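Protein chains in written order, with numbering that gives the first Met the number 0: chain A, 0 to 316; chain B, 0 to 247.
Computed cross-link-like contacts, DSS-like style, restricted to lysine-lysine with a CA-CA straight-line distance of at most 27 Å:
1. B:215 <-> A:29
2. A:81 <-> A:29
3. A:15 <-> B:245
4. B:15 <-> A:275
5. B:212 <-> A:81
6. B:245 <-> A:275
7. B:212 <-> A:29
8. B:160 <-> A:10
9. B:142 <-> A:182
10. B:223 <-> A:128
11. A:50 <-> B:245
12. B:226 <-> A:275
13. B:212 <-> A:30
14. B:245 <-> A:310
15. A:128 <-> B:215
16. A:290 <-> A:128
17. B:226 <-> A:310
18. B:223 <-> A:275
19. A:182 <-> B:51
20. B:245 <-> A:14
21. B:245 <-> A:190
22. B:1 <-> B:80
23. B:49 <-> B:80
24. A:178 <-> B:142
Residues of chain A clear of chain B, computed beta-carbon distances all greater than 10 Å:
25. 0
26. 1
27. 43
28. 165
29. 173
30. 204
31. 212
Partial list, computed: chain A residues near chain B (C-beta under 7 Å):
32. 110
33. 142
34. 246
35. 292
36. 296
37. 307
38. 310
Derived from the structure by calculation, the hints contain no laboratory data. Everything numeric in this text was worked out from a predicted model, so none of it was measured. Cβ coordinates follow ideal geometry from the N, Cα and C atoms, glycine included.
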Amino acid sequence: MSVLAYIESSKGKVKKNAFEIVSYSSELAKKLDTDLVALVLNCNDISELSKYGASKILKVTSSELENFNAKSYANIIAQAAKISNSNHIVLSSSLDTKYLAPLLSIELDAGYLSNVVELPSSLSPFTVKRTSFTNKAFSDSTIDSEFKIIGLSSNAFGLLENNVESSVEDFNPSLIEEKITIKSTEKISGKISIADADIVVSAGRGLKGPENWNIIEELAETLGAATACSKPVSDMGWRPHSEHVGQTGKPVATNLYIAIGISGAIQHLAGINSSKIKVVINNDPEAPFFKAADYGVVGDAFDVVPRLTEKLKAFKA
Amino acid sequence: MKILVCISHVPDTTSKINFTDENTVFDSQGVQYVINPNDEFGLTRAMWFKEKQSAIIEVINVGGVSTEPTLRKALAIGADKAIRIDSEPIDGLFVAKEIAEHIKSNNYDLIIAGRESIDYNGGMVPGLIAGLLQINFITNCTKLDIENNTATIEREIDGGKEILSCSLPLIIGGQKGLVEESDLRIPNMRGIMQARQKPLEVIPPSNSNSKTKSIKFYKPEPRKEVKLISSDNLDQLIDLLHNEAKVL
Ligand SMILES: Cc1cc2nc3c(=O)[nH]c(=O)nc-3n(C[C@H](O)[C@H](O)[C@H](O)COP(=O)(O)OP(=O)(O)OC[C@H]3O[C@@H](n4cnc5c(N)ncnc54)[C@H](O)[C@@H]3O)c2cc1C
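Bound conformation, chain B alone (with noise of 0.2 Å):
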């Protein structure tokens, strides 16, 4: 079985997020970067497949060389080939048309991407590559196993979970439940030094195009001080709720 992992460079969650050139680009500066956390459950689950059912891992990122250090960390945790398609993404579809042009050329029987980054919070690529493909595709995706080119999936839907199967080749939208927390693997020495000799393959762009465009940013309105209700004044915490916000 041959996996394709799409890994997002984004953010570390405790990033402060700012912009810079008139608000228009995400300031980079001093921010550390990490696989998005949907992509890495996704890469995790990947690897059980690889050691239970010697499948092979290849991962992909669209973007400038600044993310490369995010595709060896995936190469340190255990993916056997990295590729780079090398351009700065404009939108989920530019993303999801190049990884696309991509599977065209290399038979993948699965391929793993998040339910959503969160940088941009999309929450698109995995489904508009299954578009451009016509391939099956499920997101959401807390359980996944696989026995005989056909798949048993656990998806959440709002207010409860659904068991689906289907044949591949199949891609995903992973988050937590592909695999816990617990799971998830800190690269160690070895991984590190064997990931160095390991294949990270630029190819060029195809040129897609793009549909959307994010023009310019702004972070929320600094709040209001928050109102401390005493705990022996409860009704006043009810009055408020009700009167002031409306919301009881």
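Just chain A, with the same shape it has in the complex (with noise of 0.2 Å):
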């Protein structure tokens, strides 16, 4: 019995969100006395699993698997996990990994819980705790089934350093046909996404129009930040709709958020509730995001930001 915990990467690297993934794994296996396995899919640069508890690595490396494919993808987790005897398979919350995450759970015949926030509170029954109600409550929730998939909610667990020595293994798995086709992938360069961003700066319909986000990018900018904005935001086309967050865009679990002109809809706080820190921005001192947030400015988008970022700017400096 192991656990498993999947390792995303891009371009040979491991992704940022595979540290939390592999301190989760090495946490829960120390629980369950067992040890943990690191699966890798091309990826070379390995070495910084170690720091964090990954005391076996499972190497997969084939051209064939350059593009993400769900099916496959699932297909080689799931064969990953009967030659370690895993019965526990740790995931992260990505778009890519969310969607391979149910494929895996039929191969494997697991029950799987996405959204999952913490360590299991018992082991038998397997109970552990999840966001639901998009994030306006949490359960506990079990699963009775053999093989388990946990889905980790990002930046719900955080890292953990455990250094240990790391055997690398290579593993050949036999591969599946393809039935999707890629015809083209489009990575917006240069900019960090909301997935994988430490700090989100948001800002809502308070930017008057689209003409005025110069200050959202200069402050995103200076922080490493990835934007965000409000959903009326995105439906005029003032900003892409990747960057609509909330309870029907996408979630924001980062450690700052920073909310400008955005007045704290029900809809938008359920979105962006489980991010640790929220700093709100917003002339009306009536205005609902106050109440949820952890600090706030009153004051005129147009006058605080640009001061706040020369501000920043001189702090980092």
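Once you've looked at the hints, go ahead and assemble the two chains, each given alone in its own frame, into the complex.
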């Protein structure tokens, strides 16, 4: 019996979320009194995984797996679970991994819980806490099957250093036929995605128009943050849909969420609630967002934001 | 083309979330229910296929009788037939198995579900159905076109998008982008009248099993008061973020 952690990579490097997945999985393995096996696909630079407890690494290298394909990837994870004798599989909450998780759960006949935020509170029945009602509530949920898949919510567990010696083993899974063709992939280059960001700078209708986003982008750039927006802003086409966060948009679970000119409607808050620290900049002291924030500045965005950016530049320098 | 749209019946986005029976069940008292927003984008895209490509649309829900007004709304928007599998769902797998059983005995070219429901947020029903039936599956779909039995799809990926194509039958997890917010339809009187005449078939469950259970719910801890910082003293904000919150 072991715990299998599936590690995502991009361009030969492990993705940032890998360290949290390994940290969680390593603690889970300790709880279960078993070992951790980390599975990596097409990734050369794996040295950092040992910092967080990946004592055994299964390494798959195949040019045919260059592009993400949910079905093939799920199939490989299932094979890895079987050869490593893993009953518990830990996955991230990235879009790709959430895509493959249900396929994997059918392959392994496993129970799958997404949006898990803690280590199990009980092993029998296997019980974990997860978010539900789009962050308006939590539930304790059980998995009753022999194979268990745990989808960990981003930034819910954090990093835990645990230096180990890693042994690396090559793994050559059999490959299945792919039926879905990728015609093109477009990544917005030079920009941090909301999923990868530690800090998100988000703005709403208070910005008055798309031409004013330069102050938002400059603040984001200064902080190394991703940019996001409220729903009406993307509905009006001021910003791309991919920036829409909230209950019907993207969830945001970052360390710092800065909301500028956003009123704080319940649907917006639902999506961003699991961010750790929230800062609100709004000229209306009655804006509901202040009730959900840690820090607030009552003021005009066009005055406050450029000054904040200048001060942050000085602070960072 | 025959399309099945999976409809999740969920609390309206403004709902206050409460629980009863010692926090084991969602308290539906005073809660307005709606078509899950991600499913509504899919249903609206299905209407485009109906109007432009003569598709037939069926909608399906796994749930008790209380979900029927939501199915009627889908009929009023324009679906041709509704199916309710008469059972209280236990988990996503249970729902997926019930719907998969129905699909096996009815040939659909395209199955549209939402990328996730806004109540339990499992984000797994379409993928589980795809796994059970071994059909093509693409989620986070923001565009969908079908020509000559081939689907072309835009999928949101972290930090970008991807264009994919595959043959039917296909199941998708849809979201905003499939249609725009402004394309969503509010049923008119005629639609509502017609919906009353349309078939709403209630079928017994095939008694699927489940593998997970929500045993207890709770609400987040109340927040502490916000710390207000004067706009003349932004240095203090930076200091608090750095030294107190430790996020800078
Ligand atoms: C089914 C449904 C789903 C929804 N899902 C989402 C969702 O996922 N995400 C989402 O965001 N919304 C969602 N909404 C919309 C939500 O209800 C709100 O309408 C929306 O969040 C408001 O956006 P906003 O805060 O940008 O705009 P507004 O509510 O117009 O707020 C603008 C704010 O800017 C402030 N402001 C104005 N000028 C300035 C200035 N110069 N400086 C500083 N502040 C200023 C104002 O005081 C105000 O608080 C949903 C709604 C529905 C019905």
